[in-house]
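Residue 181 in this note's numbering is what sits at position 180 of the sequence shown, and the numbering runs on without skipping anything.
Since the hints were derived computationally from the structure, they do not count as laboratory data. Worth double-checking, as some hints may not be accurate.
The calculated DSS-like cross-link candidates involving lysine-lysine, where the alpha carbons are at most 30 angstroms apart (straight line), are [to be verified]:
| # | residue 1 | residue 2 |
| --- | --- | --- |
| 1 | K341 | K316 |
| 2 | K32 | K108 |
| 3 | K219 | K189 |
| 4 | K159 | K219 |
| 5 | K264 | K189 |
| 6 | K16 | K316 |
| 7 | K39 | K272 |
| 8 | K272 | K362 |
| 9 | K117 | K204 |
| 10 | K73 | K341 |
Computed spacing ranges between beta-carbons, pair by pair [as the list claims (entries may be wrong)]:
| # | residue 1 | residue 2 | range |
| --- | --- | --- | --- |
| 11 | E151 | I11 | 31 to 37 angstroms |
| 12 | N338 | S19 | 20 to 26 angstroms |
| 13 | K219 | N338 | 42 to 48 angstroms |
| 14 | N82 | E275 | 44 to 50 angstroms |
| 15 | K140 | R257 | 34 to 40 angstroms |
| 16 | S19 | E337 | 37 to 43 angstroms |
| 17 | H144 | H6 | 47 to 53 angstroms |
| 18 | P18 | K118 | 29 to 35 angstroms |
| 19 | K88 | P18 | 31 to 37 angstroms |
| 20 | K204 | H6 | 18 to 24 angstroms |
| 21 | S230 | E290 | 37 to 43 angstroms |
Idealized CB from N, CA, C, for every residue including glycine.
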Amino acid sequence: MAKIHPSVPIIYQNKFPSAFSNKLNGWGYSKEELQLNKGKLLTLDIDFGNMCSLNCPHCFRKDNRVDSGKNKLMSYSDIVNLVREAKKLGLKDVKFLGAGEPFQDKKFLDFLRELKKLDVIPCIFTKGHVIGDDSEVAKWFGHEGITTGEQLVAELNKVNASILLGFNSFDPKVQDHIVGGVPGYTLKRNRALELLVKAGFNKASPTRLLLASNPITKENYSEIFEIYSWARVRNLLTIVCPTMVSGRCGEEDVWRKITPAEKELVALYTKIYEFNIEKGIQTFSQIKEEGISAYAGIQPCNQIACGMYVTLTGKVLRCPGDDVTEFGSIWDSSLENIWKNSENFKRAGTFNCQCPPKAGKSIPSSLYSKVLDNLKHKYGKV
């Protein structure tokens, strides 16, 4: 089957505007924001439910070491109380990553409304197959009278959600395979994207719509720059990075098997930053000052300087990419105590944290310096 490009109009034909914000609304903080709020718990990654009808071979939550053994699961009220406690510590946004597909949970919209009341921005990682399938929408939210993708997107607009939509390939054969061999998935995802665009999620700066093209694998490497460049001119932020080394890719032989060679990763990152410079998304001096991001071409990750990850079992981890480094459990200690005794708290104020869990693993140790050297060679005298 040939590639299918969703119907999304171009917003930036040539150069990007000088005031363009190279981030997603609610995700990531500027140097100034980090300094102004130094020591505050600004962001939480949390699990909400564990149901998912897909079977992605690179899933960082399925077969996760942190879930081993018998563990008490957080209830809906536990999660609400957790967020209220975090709000007292400075919480501004929540990212939903797992353990399942968040839209395959009948209480999800109720929780998003709770976040709205608390003035907390929800950033939702989703594969889009519920949003893009009216029968799935009706199954999970019909009890609220919400039975179409359009209606679901309208509710997401009301709660000021930002959406991080899984997007690994334009080719349905490749994409359906990447989510576990689910026929018809890609068309549902494409419809979800089109509905979100129609509702204006990519009209603001910073945008509220992102394509999560991670992980870069040998299977989709050749498409990644095409996805990135296609998305950015449509004001869709794009995550480009190698695989997490947790969950199903926790073992070295697994992540090594799917990860492109260092030379290929360096070339891809370099090409992305060159695109940014040519389009006016970033300047070379800005890139040099900020450092190369673990997420190629977008604002550097700093969540491990202002946040933590709380799993469905109440365990608190350094970040989603790390299922080994535990800071504690909400069953044993307060969130405030866990936060203030964590290594992340000690890192407060750091703007570019790169990615410690992947460093020297799926992200080669020399990737950042090699990409910057390539850019210096081309733009250093300009």
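Problem - Structure-inconsistent hints, enumerated in ascending order - result: 2, 4, 5, 6, 7, 11, 12, 17, 21
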